[in-house]
Every structure is written in structure tokens, then in C-alpha cells.
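With this note's numbering as the guide, the letters of the sequence shown map in order to residues 1 to 171.
In case anyone wonders, no lab produced these hints; they're calculated from the structure.
Because the structure is a prediction, the values reported are computed rather than measured.
Here a beta-carbon is modelled for each residue, glycine too, at the ideal position from N, C-alpha and C.
Incorrect hints may have been included.
Unchecked claim - Quick list of the computed label-pair ranges, beta carbon to beta carbon:
1. K28 / R64: 14 to 20 Å
2. D119 / E25: 23 to 29 Å
3. D158 / E129: 20 to 26 Å
4. T157 / D104: 30 to 36 Å
5. D8 / D104: 31 to 37 Å
Unchecked claim - Pairs of lysine-lysine residues, derived as DSS-like cross-links and limited to a Cα-Cα distance of at most 30 Å, are as follows:
6. K105 / K143
7. K90 / K28
8. K96 / K3
9. K121 / K90
10. K121 / K154
11. K89 / K28
12. K121 / K3
13. K143 / K28
14. K3 / K90
15. K154 / K28
16. K96 / K28
17. K121 / K28
18. K121 / K89
19. K96 / K154
20. K90 / K154
21. K155 / K96
22. K89 / K154
23. K155 / K89
24. K105 / K154
25. K105 / K155
26. K3 / K143
27. K3 / K155
28. K121 / K155
29. K155 / K28
30. K143 / K155
31. K3 / K154
32. K96 / K143
33. K121 / K96
34. K90 / K155
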Amino acid sequence: MHKYTVEDDFETTVDRYWAVFFDEEYNKGLFEHLAITREVLEITREGEGQDEVIRRRIRLTPQRDVPTIFKRFVKGAIQYTEHNVFTRKKDTIDVKIVPGFMGDKFTSVGTYIVRATGDNKVRRTFHGEINCSVPLVGGRVEKHIAGEVIDGYKKTTDFTRRWLREHPASE
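Could you put together the complete structure from these sequences and hints?
Take a look at the structure:
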């Protein structure tokens with residue numbers, strides 16, 4: 001099992017952060033920036049205000065060559081489904097990744113947290129856990145995927161900071 005944490009700060013409010021996170025134009029731009037094809041499979045909203053819960057399932061296909069470590073497990077492109085459950089009163093998203101390969105030997109879960117750290121400042125923290133039970137290569141697979149996720153968060157952070165500057169909140 002490989003555990004990791006990613007933290008980044010943004011100049012915005014918690015509510016604005018979540019509004020951007022679920023904004024369709026932001027997501028189109030973000031996933032294009034990340035070179036990942038995104039297909040929204042489901043998005044449902046329940047409750048209002050602090051009782052709001054958003055469930056989202058998206059299928060993601062990175063637009064790059066399959067890494068050598070995965071070639072014996074993957075036929076064609078790497079594809080995975082991300083399951084998100086956002087809970088407003090906790091300002092968290094529980095994340096579960098279901099890969100299109102090795103589904104019975106691989107789990108990836110995490111919790112995405114956004115907290116205010118000052119006036120117009122928030123910290124986004126992602127605590128992730130990856131487990132790959134393939135003998136001999138499982139640990140390498142876990143570290144490789146964690147590295148990919150961490151790299152993706154760096155790119156996402158840069159994009160999100162730019163988006164927030166270029167798309168100020170309407171008052």
C-alpha cells in the first residue's frame with residue numbers, strides 16, 4: 001500500500017473553490033490542459049445549502065502512451081472511472097478510482113479537503129491511498145501511479161490558479 005498527501009494553497013474562498021471545481025467550462029479547460037479525455041457518466045445533486053451532496057462519475061482516458069510498467073496488463077489505452085462524493089457540510093470529496101484494467105488487483109481511494117486559511121485563502125489537501133496486489137510489480141505500480149497523481153495535481157494547481165485570476169467571481 002502506498003499513501004501520499006498533496007497540499008496546495010489558492011487565493012479564493014471555499015465556496016468559490018467548489019463552484020469552480022464543478023464548473024463545466026473549467027473542467028473542459030482543465031482536462032484539455034491535462035491531455036485527458038473526460039466523459040461525464042453521471043452527476044446528481046441532493047439537498048441544499050450545508051446539506052448538499054454531489055455525486056459524480058467520470059470516465060477518464062489520458063492521451064499518452066501506456067507506460068511500460070502497465071503494458072502487460074493493458075490492451076489499448078489506459079482508462080479509468082473516477083467516483084466522487086462531495087459533502088458540503090464537511091467540504092470534502094471522497095474519491096474512488098476504478099481502472100479499466102486490473103480491477104480485482106488494484107484500489108485507489110482518497111479524500112479531497114478544502115479549508116479556509118485566511119481571508120480569501122484556502123488550502124486543498126488530498127490524502128490518497130493506492131494498493132496493487134500484483135506480485136513482484138505491485139509496489140512499483142503503486143509508486144508510479146502516485147507519481148502520476150502528484151504530477152497531475154501540480155498541473156491542476158497551476159491551471160486552477162490561472163483560472164481563478166482570469167475568471168473573477170461575479171459579485
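Hints, verified against the model:
1. Restraint check, K28 to R64: a C-beta distance of roughly 19 Å satisfies the suggested window 14 to 20 Å.
2. Range check, D119 to E25: about 27 Å between beta-carbon atoms, so the 23 to 29 Å window is met.
3. Distance hint for D158 and E129: a CB-CB separation of about 25 Å, consistent with the stated range 20 to 26 Å.
4. For the pair T157 and D104, the supplied restraint of 30 to 36 Å holds, since their beta-carbon distance comes to about 33 Å.
5. Our hint of 31 to 37 Å for D8 and D104 holds, since their Cβ atoms are close to 33 Å apart.
6. This hinted pair checks out: K105 and K143 have alpha carbons roughly 15 Å apart, not beyond 30 Å.
7. The straight-line distance between the Cα atoms of K90 and K28 is roughly 26 Å, inside the 30 Å bound, and the hint therefore holds.
8. At roughly 14 Å between alpha-carbon atoms, K96 and K3 fall within 30 Å of each other, so this suggested pair holds.
9. Of the pairs offered as hints, the one joining K121 and K90 holds, with about 17 Å between alpha carbons and a cut-off of 30 Å not exceeded.
10. Distance hint between K121 and K154 is fulfilled; the C-alpha atoms sit about 18 Å from each other, no more than 30 Å.
11. Using a Cα cut-off of 30 Å, the hinted pair K89 and K28 holds, with the two alpha carbons roughly 27 Å apart.
12. Restraint check: the Cα-Cα separation between K121 and K3 comes to about 26 Å, which is no more than 30 Å; the hinted pair holds.
13. Restraint check: the Cα-Cα separation between K143 and K28 comes to about 28 Å, which is no more than 30 Å; the hinted pair holds.
14. Between K3 and K90 the CA atoms are separated by roughly 22 Å; this keeps the pair inside 30 Å, and the hint holds.
15. Under the criterion of a C-alpha separation no larger than 30 Å, the hint pairing K154 with K28 is consistent with the structure, at around 18 Å.
16. The straight-line distance between the Cα atoms of K96 and K28 is roughly 21 Å, inside the 30 Å bound, and the hint therefore holds.
17. Of the supplied pair hints, the one linking K121 and K28 holds, its CA atoms being roughly 24 Å apart against a limit of 30 Å.
18. Between K121 and K89, the direct Cα distance comes to roughly 18 Å. Compliance with the 30 Å bound is thereby established for this hinted pair.
19. Pair hint K96 plus K154 holds up; C-alpha atoms about 20 Å apart against a cutoff of 30 Å.
20. Annotation: proposed proximity of K90 to K154 holds, straight-line Cα distance about 24 Å (limit 30 Å).
21. With a CA separation close to 21 Å, the supplied pair K155 and K96 stays within the 30 Å bound.
22. For the suggested pair K89 and K154, the alpha carbons sit about 27 Å apart, so the restraint of at most 30 Å is met.
23. For the suggested pair K155 and K89, the alpha carbons sit about 28 Å apart, so the restraint of at most 30 Å is met.
24. For the hint pairing K105 with K154, the CA-to-CA distance comes to about 27 Å; that is within 30 Å, so the pair holds.
25. At most 30 Å may separate the alpha-carbon atoms for a hinted pair to count; K105 and K155 meet this at roughly 28 Å.
26. Restraint check for K3 and K143: satisfied, since their Cα atoms lie roughly 9 Å apart, inside the 30 Å limit.
27. A hinted pair counts as satisfied when its Cα atoms are at most 30 Å apart, and K3 with K155 qualifies at roughly 20 Å.
28. Pair hint K121 plus K155 holds up; C-alpha atoms about 19 Å apart against a cutoff of 30 Å.
29. About 14 Å separates the Cα atoms of K155 and K28, which keeps this hinted pair within 30 Å; it holds.
30. This hinted pair checks out: K143 and K155 have alpha carbons roughly 18 Å apart, not beyond 30 Å.
31. Taken as a hint, the K3 and K154 pair is honoured in the structure, with Cα atoms around 17 Å apart against an allowance of 30 Å.
32. Simply put, K96 and K143 have alpha-carbon atoms about 17 Å apart, close enough for the 30 Å limit, and the pair holds.
33. About 27 Å separates the Cα atoms of K121 and K96, which keeps this hinted pair within 30 Å; it holds.
34. Distance restraint check for K90 and K155: the Cα-Cα separation of roughly 25 Å lies within the 30 Å cut-off, and the hinted pair is therefore satisfied.
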